[in-house]
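There are 2 protein chains.
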Amino acid sequence: MSLVVQKYGGSSVADAEGIKRVAKRIVEAKRNGHQVVAVVSAMGDTTDELIDLAEQVSPIPAGRELDMLLTAGERISMALLAMAIKNLGHEAQSFTGSQAGVITDSVHNKARIIDVTPGRLRASLEEGNIAIVAGFQGVSQDSKDITTLGRGGSDTTAVALAAALDADVCEIYTDVDGVFTADPRVVKKAKKIDWISFEDMLELAASGSKVLLHRCVEYARRYNIPIHVRSSFSGLPGTWVSNEPQGDQQVEHAIISGVAHDVSEAKVTVVGVPDKPGEAAHIFRAVAEAEINIDMIVQNVSAASTGLTDISFTLPKAEGKKATAALEKIKATVGYDSLRYDDQIAKISLVGAGMKTNPGVTAQFFEALSDAGVNIELISTSEIRISVVTRADDVNEAVRAVHTSFGLDSDSDEAVVYGGTGR
Amino acid sequence: MSLVVQKYGGSSVADAEGIKRVAKRIVEAKRNGHQVVAVVSAMGDTTDELIDLAEQVSPIPAGRELDMLLTAGERISMALLAMAIKNLGHEAQSFTGSQAGVITDSVHNKARIIDVTPGRLRASLEEGNIAIVAGFQGVSQDSKDITTLGRGGSDTTAVALAAALDADVCEIYTDVDGVFTADPRVVKKAKKIDWISFEDMLELAASGSKVLLHRCVEYARRYNIPIHVRSSFSGLPGTWVSNEPQGDQQVEHAIISGVAHDVSEAKVTVVGVPDKPGEAAHIFRAVAEAEINIDMIVQNVSAASTGLTDISFTLPKAEGKKATAALEKIKATVGYDSLRYDDQIAKISLVGAGMKTNPGVTAQFFEALSDAGVNIELISTSEIRISVVTRADDVNEAVRAVHTSFGLDSDSDEAVVYGGTGR
Chain A
1 MSLVVQKYGG SSVADAEGIK RVAKRIVEAK RNGHQVVAVV SAMGDTTDEL IDLAEQVSPI
61 PAGRELDMLL TAGERISMAL LAMAIKNLGH EAQSFTGSQA GVITDSVHNK ARIIDVTPGR
121 LRASLEEGNI AIVAGFQGVS QDSKDITTLG RGGSDTTAVA LAAALDADVC EIYTDVDGVF
181 TADPRVVKKA KKIDWISFED MLELAASGSK VLLHRCVEYA RRYNIPIHVR SSFSGLPGTW
241 VSNEPQGDQQ VEHAIISGVA HDVSEAKVTV VGVPDKPGEA AHIFRAVAEA EINIDMIVQN
301 VSAASTGLTD ISFTLPKAEG KKATAALEKI KATVGYDSLR YDDQIAKISL VGAGMKTNPG
361 VTAQFFEALS DAGVNIELIS TSEIRISVVT RADDVNEAVR AVHTSFGLDS DSDEAVVYGG
421 TGR
Chain B
1 MSLVVQKYGG SSVADAEGIK RVAKRIVEAK RNGHQVVAVV SAMGDTTDEL IDLAEQVSPI
61 PAGRELDMLL TAGERISMAL LAMAIKNLGH EAQSFTGSQA GVITDSVHNK ARIIDVTPGR
121 LRASLEEGNI AIVAGFQGVS QDSKDITTLG RGGSDTTAVA LAAALDADVC EIYTDVDGVF
181 TADPRVVKKA KKIDWISFED MLELAASGSK VLLHRCVEYA RRYNIPIHVR SSFSGLPGTW
241 VSNEPQGDQQ VEHAIISGVA HDVSEAKVTV VGVPDKPGEA AHIFRAVAEA EINIDMIVQN
301 VSAASTGLTD ISFTLPKAEG KKATAALEKI KATVGYDSLR YDDQIAKISL VGAGMKTNPG
361 VTAQFFEALS DAGVNIELIS TSEIRISVVT RADDVNEAVR AVHTSFGLDS DSDEAVVYGG
421 TGR
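As given, the protein sequences belong to chains A and B, one line each in that order. Position one of the first sequence corresponds to residue 1 (full-length UniProt numbering), numbered consecutively onward. Position one of the second sequence corresponds to residue 1 (full-length UniProt numbering), numbered consecutively onward.
So that you can see chain A by itself, here it is in the shape it has in the complex (with noise of 0.2 Å):
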């Protein structure tokens, strides 16, 4: 008997209908014979709620305490989705993350998942039960205090627990029928992608596409769990993400996986930077210690004339404040000129292993680009990517074009739903 991880999405169990649709679609994965887990997120804006309440009685909440509050999202959901099953005829309990076995870090709001005990969660499968489970959260190991994982939590769980459990498969639910070669809102011929490897789907995570993130990716590879993103409306087959493609599932051998663009980012750039040994590091260390995650680095060669050279850099705009205050406090020690703060960006990248071997990929990208009339403003490579920074108001155009241009399009305009993905 196949053991399947499901996990549904808060835009899947948004209301009681929803929860209804989700159940049937569980217990059909059981009269096929398998043994079900499912992990499901908060109903709908139910976090957003929550989250809201707290700034109401507190503009600062306290990390636990949120944590705590939160994970009343996931009870909620996860009990209504058990009784549901039950409704149906079959045996269904539903579980907390700490019930699961789901043990974490400290680190409220964003805690790591460092170990999974799953044994009662066997037991109730022993027992013929669906077993249901509250994604998004879990218990630290030192405090046994609640904690929480951050924003796409849930699909880690559901990727955690596949590991622990030795699953077949971890199934992901949303509202989009799976990968696609471009975000369909921007490109209307984008093509669902039957099948991805977890290296290039890491590096379209890292670089804008929402419908997986990067943690869960990360974990899904390295216990080798083979992911199927596909839509909880649909049925339809979605996007299998794995180390090698299995049966019948489609792989053209492109060369390209996919253009993903991100606009959520802002570029600093410290202007005038003695071109001395040092200074770099200075600086970066002065973001890290404000706990600032960093996107793209680029330092431009020095102006033999000045002996100075610029130093930019693209992180999230909502770090954008704390990165330039930490700046302005050494700016004198380092030396520099000025600061400047930009968040009219965008990132477009290009994702594929096929470019290891095709050296006219990067020309071809920045041929389509240019012939859009899109002026590249930072670049930055990896061996399977290449990401550009160019103006926010170019980015539809821009990603439209170089999707175009490595042959991406569908021949039919494909028709699909597509939003949130939950948590």
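Identical copies carry no separate label here, and so any pair may be met within one copy or between two of them.
List of simulated lysine to aspartate or glutamate pairs, DMTMM-like, C-alpha gap at most 20 Å:
#1 K144 <-> E91
#2 K20 <-> E55
#3 K20 <-> E49
#4 K322 <-> E289
#5 K20 <-> D52
#6 K24 <-> E55
#7 K144 <-> E127
#8 K144 <-> E126
#9 K317 <-> D342
#10 K317 <-> E289
#11 K329 <-> E279
Everything labelled a hint here was simulated from the structure, so no lab data went into it.
Since the structure of chain A is already known, use the hints to place chain B on it.
Same frame as chain A, now just chain B:
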């Protein structure tokens, strides 16, 4: 340093403003030098909303899952309350029933507390924290499943924690000023009782007074925990419930503590029961097996001519159908004539330890009813209580007449805020 356990009902924490007000009150107790444990119910109508959701996905929600669902309510209110307290500059930690060590049996939806192991609470208090605890919930000893204590469960949580922590007092904050000599909505001249014995309070609770529930008072009496029922809105001293009045607690040494009434019951009469040994046992065995809690039982003297008698009992209206169905099944074996069901009744009870030594009380009670033109249908008595069943239409007039007759009327009309007390 004294230890105070406080309990706040759902109406006290109905919204963000309510939570902030309660936070201030808790901090005040802390500032006055007490260690404080605050037990909190779910916000306002949360529980009803969750039950409504449950009914949308399943007509008969499974007990285990319903408990999982409902306990989300306190999780929300307690986390928000802890945040609000921290926002006032004091340290607070919230604890679920399970974390607070509230161990129950496995009867979902109406579990009983069988042990309290408050190790984590003690540690948190000793670190200087205010401890916030979810009322109404616990964890079952055997299955480790989440349980709820049923209606009024938060009061029981508070008293049980007060007992386990050897608290000096258990303060029950509600939306009324205390326990009154009658329901102030019916009797405008009802007086707040300053002190009442556990025994009298138990009888009032059993007779329809809703301020404190029977189970909570029973627990407090067993462990000798003084209860102080008071308003979370006014801050005035309320009603003390204990073995003996203390300090300046006013005791008027009245014969009668109060008049309670209850319109939630119905009356079943089994007509024409053969008057021979075992028939009554047969009837009440059938009712007990249907898990129906009955209240008063009256058997008339049998008519000599027929050898038949009538047996009447009262029970919650909600269980009327179940009871009559159970009795229909045994009609042939018992051989009674017919069943009568009447849900237009009211129960009026006079409570007071003083009646033990005042033989005239019963007569005065009946005279007061008679003068008010109220007919008595059933009578039942305990050592410190007399209850009668009347027509439901007569109840308000009857309560007022009895209240006046026993000199309980206040000299002035007291202004009171009255409503539900949460759970």
